[in-house]
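*Asks:* Given two chains presented individually in distinct reference frames, assemble the corresponding complex, making use of the accompanying hints.
Next come the chains, spelled out residue by residue.
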Amino acid sequence: MAITLTGPDAVPSPPLSARLTPPQVWGIVLLTPYLLVFLAFVLYPVCYGLWLARQPASYVALYNDPIFARAAVNTLIFLVIGINIKMLIALFLSGFFAQQRPWIRWLSVIFILPWAVPSIPTILSVRFMLNPEWGMVNQLIFKFTGDDGPNWLNDPAVALAMAIGVHIWKSLPFWTLILLTGRLAISHDLYEASDVDGANWWQKFRFITWPSMQTLYITCTLLSMIWTLGDFNSVYLLTGGGPADLTHVLSTLGIRYLRLDQLSLAMASIVCAMPFVLPLVYFMMKRLSR
Amino acid sequence: MKLPTLREVGTDAKLLLIGIPVFIWTMVPIYHMFVFAISPKEDAFSGKLWPDHPTLHNFSIVFNQQHYFLRDFWIQFWNSTVIAVAVGALTLFVATAAAFSISRLRVPGGRAVMNLALFTYFIPAAFLAVPMYRTMGNYGLLNTHLSLILAMVTIASPYAIWVLKQASDKLPVELDEAATMDGASTLQLFRLVYLPLMMPSLVAIGTYAILLAWNEYLYAFLLLSNDTDITLPVALGNFLSADDSPWELLMTTGFIYALPPAAIYYAFKRYMVGGLTAGAVKS
Chain Z
1 MAITLTGPDA VPSPPLSARL TPPQVWGIVL LTPYLLVFLA FVLYPVCYGL
51 WLARQPASYV ALYNDPIFAR AAVNTLIFLV IGINIKMLIA LFLSGFFAQQ
101 RPWIRWLSVI FILPWAVPSI PTILSVRFML NPEWGMVNQL IFKFTGDDGP
151 NWLNDPAVAL AMAIGVHIWK SLPFWTLILL TGRLAISHDL YEASDVDGAN
201 WWQKFRFITW PSMQTLYITC TLLSMIWTLG DFNSVYLLTG GGPADLTHVL
251 STLGIRYLRL DQLSLAMASI VCAMPFVLPL VYFMMKRLSR
Chain R
291 MKLPTLREVG TDAKLLLIGI PVFIWTMVPI YHMFVFAISP KEDAFSGKLW
341 PDHPTLHNFS IVFNQQHYFL RDFWIQFWNS TVIAVAVGAL TLFVATAAAF
391 SISRLRVPGG RAVMNLALFT YFIPAAFLAV PMYRTMGNYG LLNTHLSLIL
441 AMVTIASPYA IWVLKQASDK LPVELDEAAT MDGASTLQLF RLVYLPLMMP
491 SLVAIGTYAI LLAWNEYLYA FLLLSNDTDI TLPVALGNFL SADDSPWELL
541 MTTGFIYALP PAAIYYAFKR YMVGGLTAGA VKS
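Just so you know, the sequences run in chain order Z and R. If you count by the working numbering, then the first sequence holds residues 1 to 290, one letter each, in order. If you count by the working numbering, then the second sequence holds residues 291 to 573, one letter each, in order.
Watch out, some of these pointers could steer you wrong.
[Claimed, not checked] Going by beta-carbon spacing under 8 Å, a handful of chain Z positions derived as facing chain R:
no. : residue
1   : Gln24
2   : Gly27
3   : Ile77
4   : Phe232
5   : Ile270
6   : Val281
7   : Met285
[Unchecked claim] With a cut-off of at most 20 Å between alpha-carbon atoms, the simulated DMTMM-like pairs for lysine to aspartate or glutamate come out as follows:
no. : chain 1 : residue 1 : chain 2 : residue 2
8   : R       : Lys338    : Z       : Glu192
9   : Z       : Lys143    : R       : Asp333
10  : R       : Lys338    : Z       : Glu133
11  : Z       : Lys143    : R       : Glu332
12  : Z       : Lys204    : Z       : Asp189
13  : Z       : Lys143    : R       : Asp459
14  : Z       : Lys204    : Z       : Glu192
15  : R       : Lys331    : R       : Asp342
16  : Z       : Lys286    : R       : Asp459
17  : Z       : Lys143    : Z       : Glu133
18  : R       : Lys338    : Z       : Asp147
19  : R       : Lys331    : R       : Asp534
20  : Z       : Lys204    : R       : Glu298
21  : R       : Lys331    : Z       : Glu133
[What the hints assert, rightly or not] Non-contacting residues of chain Z with respect to chain R, defined by C-beta distances greater than 12 Å in every case (computed):
no. : residue
22  : Ala72
23  : Ala161
24  : Tyr191
25  : Ala199
Source of the hints: derived by calculation from the structure; they are not laboratory data. Idealized CB from N, CA, C, for every residue including glycine.
Same shape as in the complex, but just chain R (with noise of 0.2 Å):
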């Protein structure tokens, strides 16, 4: 084996004088997320890097829900994950029906509505929330979960009918021709050749739209307010509402929040790569 040279070893070294720092950084929060979440009470406020007492307690006072301020955690994990599942569900129905109609059925108007759907994705969705609110409580929908599904799809649409629209205009038109000559209707072209070939950016766009309606704060912590409707991440902003709250439990909460959309990006990263990135920027 060849030794490395002198000028090889100094590149690595420089390299890791950027690597170190970069992991630390990355690190710090979600480090400090997990100790307080295995730190007992009292080790939690003692400032160690590592508790003297490594245990699981936290966790099972959270799935037996015995605290105050855990009482309704079952149902606004259940509540989260409906809402998330739906919103998935509905913006890919939504988006996969206008990216069809767009790109291959060059529909009039279409172009219109594309520019109007990447005009709503460029508004900032704090902005939109104020008027958002008091649509929904004309609309009589204030504190129901439909309202947060309704908004959280009407976000996601736009980027989701943007990427779609990018993929469905890279499949050759000859493959329609060809189907319409072999006398398929429009909806068999939709459901039999469509839909198989565009299952990679359908599963890009699904994942997005059920992480981005998991993660969502903001507006469920305008749309809802009673405690057995609220999503987890309001309950999590609840903590905050008391003076002593309890600080391990709300890491061990927001720890066992977090695993999810984690887990599902790992799984999907795949896709989410290939689809989003080239659909978030296109230079």
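Isolated chain Z, as found in the complex (with noise of 0.2 Å):
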């Protein structure tokens, strides 16, 4: 790569195709049915999505609909406050699967269930279950206490934290499932060692558990972070955004803008994102790609 061919006493190369050795040459080939979908579907989209978005009305308009403050302020309820929860929760069930119990064993099994199944109808199952007049949850506050249960998905606060708790739901196996791996990796002879001196639980997890899972941890929680900027279903098919458009986040109200057919407001809400998103990527990158 290292020959230019501007200079007037440059060697003139070889065409490309006596340069490369044959097995470069099928190397190539076998990367080009990837670098076509990349161009087709990646590349292509992502440029004509900036070229829609290219005009400023596009920005004064979201920023003149109440609705995109409301679902930037969700968004970031949902990442900051949801994730955190559920990365928390994550590491601390770690523990809890660590232990060599034959039952818990056979709970790890089951608890991997809500990753297995698609999100859709579990979805809205619990969208059911929290139906003001004939949910089950309602029923059964109705059968016990004598008065009617609260709408749940009505109001957006309450509707809001539901999103949250499915989205929590849905993710949550799978999240710990990778801390466990963490946590299996630790050598059991730092904590036979520490037993001997006397350390308490919480002085194991301080000095032996989180130093060794910390990296692992932040990780985690970026990519999650990431990943839950994309989770369209859990708002999408529990509340529809409602009540009253009150409980969109960025990814479901870029799809109402397209439903709409307003895709410059559409990708102008996305675009609004990228300062977050851009640097969460960089650094998850670096972090892979080593």
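*Replies:* Structure representation (structure tokens):
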């Protein structure tokens, strides 16, 4: 790659095909399918989308749309509060599943179910459970207290909390499993030595578990944040963005604009998220491409 | 037999105190779906924890397509199957070729392509959906299964390439050298040495892509719209369009739809856990 061919005394380079060894030719041939997929379905859509979002008028319209501001706040709540709660529970449960008991082994097999089954039917199941009139939750509340239960999905704060709950339900097993792998990689000798020294559980966590796991934990948290930005199902299928479009997050908002045929607004809302997404992506790429 | 000490009993009690809520939390939505699926219509809305007259009647309604919402059930099931299998096969092809090229043949620019793929992996799928929808329209592919298949291959292959590249980097270089010394061509190397050694990772990635495609809702719902073209999750979502939706039938269909991926997951769990968690987060 270092040979540049501009100077008058440059050595005329042989044609490309002669410079490449047969394995390299095959390498290029085998790489072509993915490059085509990338060009046609990633690069072109992204450039086209950015081109659609070029007018400042779209950003003014977004700025004036109260739903956008609300969605941005909801997304922040979802990411900052939701993900951190989820990861803390996952960290805690990974310690629970690291215990050697036959029944915990069985429980771990069941525990993975939310991750193994598709999210659509289970989210709809929760949606029906929370129905104010016929849902099982309110029926049971009525049966035991004689009072009508709350209208769960009609209060924006409760509805958003429920959407976060559904998200946690779905992805908690995956992150627990990842953190469990990290925990099991810690040498058991360290814990035995600390037992001899009379360390309590908090000291063991503070000085053995956490130092070995903090990189993994932070990586997982950031990765989960990036992915959760793309979590469309939890909000859309549970609340549909309602009531009164107050529970949208950025991913459902983009699709809402798309359905309303306001494509430039949809793209502009995504572009507005980029200053937050790209640093996370950059950080993750640095970490994973080592 | 030695009786357990008080301390041991205490530890077990504490563990149970965590284990029981975890079990309930995990099972509630699934159990609720199951109860609906086996409840006759009048029991379904009475809030009972177990129906008075459990029945399999709902399943027979679904299988015989005896409801307005279910008139295309089997064709939608077929659509989901075809799309999932096609995505699995295409992703395997694209990703294996790319991983072999980047990791074993060390093609110039391979690292750059790997980074592009990783970058794609980190674009939230719902964000890519908006421009992807328009792009498919520009290509004239909207409302075809091909559009959904290509979109899902685009989403599945970055991770697939990355996991396969990590796995192939672990194979010793001496293998390739020895095979080349014996006069193997590049294609023979790929077919006779590389593919057999990579089998566990390939199973994991194939399963990953199939499950991803079977479970996908957003892209399917954007790219397909005819009742006879859509996949099962989109059909489930369409139940919500009516106020008097037959919930017990929706839950029955959802239950049937959730069974194959759960079965596949547990059948290939060995590969999935080893192949995917190692790849998911490298610390």
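*Asks:* Next step is simple, just say for each hint if it's right about the structure.
*Replies:* Tested hints:
Among the interface hints, the one on Z/Gln24 holds; its C-beta lies about 6 Å from the nearest C-beta in chain R, closer than the 8 Å criterion. Taking 8 Å as the C-beta contact cut-off toward chain R, the hint placing Z/Gly27 at the interface holds, the least distance being around 3 Å. A hinted interface residue such as Z/Ile77 counts as satisfied when its beta carbon comes closer than 8 Å to some beta carbon of chain R; here the least separation is about 17 Å, so the hint is violated. Residue-level restraint check for Z/Phe232 holds (minimum Cβ-Cβ distance to chain R is 4 Å; threshold 8 Å).
Because the closest C-beta pair between Z/Ile270 and chain R is about 5 Å apart, less than 8 Å, the hint holds. A hinted interface residue such as Z/Val281 counts as satisfied when its beta carbon comes closer than 8 Å to some beta carbon of chain R; here the least separation is about 4 Å, so the hint holds. At about 5 Å, the closest approach between the beta carbon of Z/Met285 and any beta carbon in chain R falls short of 8 Å, and the interface hint on this residue holds. For the hint pairing R/Lys338 with Z/Glu192, the CA-to-CA distance comes to about 50 Å; that exceeds 20 Å, so the pair is violated.
As the CA atoms of Z/Lys143 and R/Asp333 are separated by approximately 15 Å, the hinted pair is consistent with the 20 Å bound. Of the pairs offered as hints, the one joining R/Lys338 and Z/Glu133 holds, with about 14 Å between alpha carbons and a cut-off of 20 Å not exceeded. Taking the CA atoms of Z/Lys143 and R/Glu332, the gap is near 17 Å; set against the 20 Å cutoff, the hint holds. As the CA atoms of Z/Lys204 and Z/Asp189 are separated by approximately 12 Å, the hinted pair is consistent with the 20 Å bound.
For the hint linking Z/Lys143 to R/Asp459, the alpha-carbon distance of about 61 Å lies beyond 20 Å, and the restraint is violated. The hinted pair formed by Z/Lys204 and Z/Glu192 meets the criterion: a straight-line CA distance of about 10 Å does not exceed 20 Å. A distance of roughly 12 Å separates the Cα atoms of R/Lys331 and R/Asp342; the hinted pair therefore holds under the 20 Å criterion. Taking the CA atoms of Z/Lys286 and R/Asp459, the gap is near 18 Å; set against the 20 Å cutoff, the hint holds.
A threshold of 20 Å between alpha carbons decides the hint, and for Z/Lys143 with Z/Glu133 the separation of about 13 Å falls inside it, so the pair holds. About 17 Å separates the Cα atoms of R/Lys338 and Z/Asp147, which keeps this hinted pair within 20 Å; it holds. For the hint linking R/Lys331 to R/Asp534, the alpha-carbon distance of about 12 Å falls within 20 Å, and the restraint holds. For the hint linking Z/Lys204 to R/Glu298, the alpha-carbon distance of about 19 Å falls within 20 Å, and the restraint holds.
Note on R/Lys331 and Z/Glu133: the hinted pairing holds, with a Cα-Cα distance of about 16 Å set against a maximum of 20 Å. Consistency note on Z/Ala72: stated as away from chain R, and its beta-carbon is indeed over 12 Å from all of that chain's, at 14 Å minimum. Once the 12 Å rule is applied to beta carbons, Z/Ala161 is consistent with being away from chain R; the minimum gap is 15 Å. Distance to chain R confirms Z/Tyr191 as a non-interface residue, since its nearest Cβ pair spans about 15 Å, more than 12 Å.
Listed as outside the interface, Z/Ala199 is consistent with that label: its C-beta sits roughly 16 Å from the nearest C-beta of chain R, beyond the 12 Å cut-off.
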